[in-house]
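FYI, the numbering for the sequence shown is 0 to 417, going by numbering that gives the first Met the number 0.
Hint data in this document are derived by calculation from the structure and do not stem from the laboratory. There's no promise every hint is true.
[Stated by the list, open to error] Computed spacing ranges between beta-carbons, pair by pair:
#, residue 1, residue 2, range
1, I257, E198, 36 to 42 Å
2, G190, E284, 34 to 40 Å
3, L119, Q318, 49 to 55 Å
4, E285, G190, 28 to 34 Å
5, A232, A195, 17 to 23 Å
6, G203, E334, 18 to 24 Å
7, K330, P254, 23 to 29 Å
8, G118, E334, 33 to 39 Å
9, E198, S221, 16 to 22 Å
10, F188, E334, 35 to 41 Å
Glycine is no exception: its CB is placed at the ideal position from the N, C-alpha and C atoms.
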Amino acid sequence: MPSSTDRLRSAFSSEEGSQTPAPAVVAPRGAPVNPPQRAYESDPFARHETPSPWGEVRPVGQPVIRVVGVGGAGVNAVNRMVEAEVGGVEFIAINTDVQSLQQSTANVTLHIGPSITRGLGAGSNPELGRASAMEEYDKIKALLKGADMVFIAAGAGGGTGTGAAPVVARIARELGALTVGIITKPFGFEGTRRAAQAEQGISGFGEEVDTLIVVPNNRLLSVLDKKTSMVDAFRVADDVLRQGVQGISDLVTLPGLINLDFADVRTIMSDAGPALLGIGMGTGEERAIDAAHHAVESPLLETSMDGARKILLSITSGQDLSLWEVNAAAKAVAEAAHPDANIIFGAMVDERLDDQVWVTVVATGFGGPAGRPPRPRLEEPAGEPRVQRRQSARDPAPPRRSGLGVTELDVPEFVPRR
């Protein structure tokens, strides 16, 4: 007949019908005893998180900057930046067209909407572009997570760039990144329908970014030779996007004569709305002033910089760049802005530039000091159900007053009053 001890062992055994307990594992004397690990099952209510592809850890104080090319024009612009060896940034290419991604030189490529477009592009339909981006919401979020600043380059008027870029921008801002959009308007020969679609897309894109820089491709015709081929014209448009991104990113990633930190850039570009981008180059004795005037009066500007309350100024030249030249260029830009404009500028040395001085100007704050109204949150795609805590709708009971005039707190019934 089994003893009482045997019956207890049988009752609490992990295997039904087992009469013999498992042998105890005895650790050697002096060895650490590790408690048995409990096997946890996956939470059926947890949302699946896509792992981040960025493995390396940045040093403390160095901002994480990522450039995202969305659509055909955006991917081409990213390829141009990689070719120009823009340093200190990570490149992402996002498109519905598989063929475009196969030719991309970005660090990471993401094909969106495989079940919607089957890898053939959005067909100039922004709704397909937006649906494709929403389909890969979690993957886009994983790519952007951890970034301090996100540039989004796209071309307006098509399907993927016009429809998916606003979704990418909304995700970036909700992750806390300073989001800058650089988008091109189509050439005039691309048709009125594409131009109208571009205007609508630019308006929606501007609501999702901190700062929006619009580059009108038609303005390039005034600076291009009549014999310039169409391939070279689009290449120049891509290079303008590259210069805009590089002029801003170099300010916080490269050491220079006058350094800026990421907080300075955020001051100028956070929730700034529409911005103007001017790029100028000068040579000779008056090279700095000439470059500043060319940037302020750039043919790429649709409007004047008059009234801009925030200016981000980047000056780049060779080893012989003098402080007097930096002062002259900054003064020329200040004269074109609002009298009370906040001007933050940096000066960098590029040994590859001999006699050239390049000036990049980003002007914001045209709407005055008032900020933009808050945006509604983006509705995430439906996934697993979530459990959320809700606060009680009842208002807390007001504190009672004792005879001594001292506020008396409510005491639970099970605590005796004294």
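Hints, verified against the model:
As the Cβ distance of I257 to E198 is approximately 38 Å, the hint placing it in 36 to 42 Å holds. Between G190 and E284 the beta carbons are some 46 Å apart, a value that contradicts the proposed interval 34 to 40 Å. In this structure the supplied range 49 to 55 Å holds for L119 paired with Q318, their Cβ-Cβ distance being about 50 Å. Restraint check, E285 to G190: a C-beta distance of roughly 42 Å breaks the suggested window 28 to 34 Å.
A hinted range of 17 to 23 Å for the beta carbons of A232 and A195 is consistent with their spacing of about 22 Å. Between G203 and E334 the Cβ separation comes to about 35 Å, which falls outside the hinted range of 18 to 24 Å. In this structure, K330 and P254 meet the distance hint of 23 to 29 Å, their C-beta atoms being roughly 24 Å apart. At about 52 Å, the beta-carbon gap between G118 and E334 misses the expected band of 33 to 39 Å.
A hinted range of 16 to 22 Å for the beta carbons of E198 and S221 is consistent with their spacing of about 21 Å. Remark: the range hint 35 to 41 Å for F188 to E334 is upheld by a beta-carbon distance near 37 Å.
In this structure, the hints that do not hold are numbers 2, 4, 6 and 8, in rising order.
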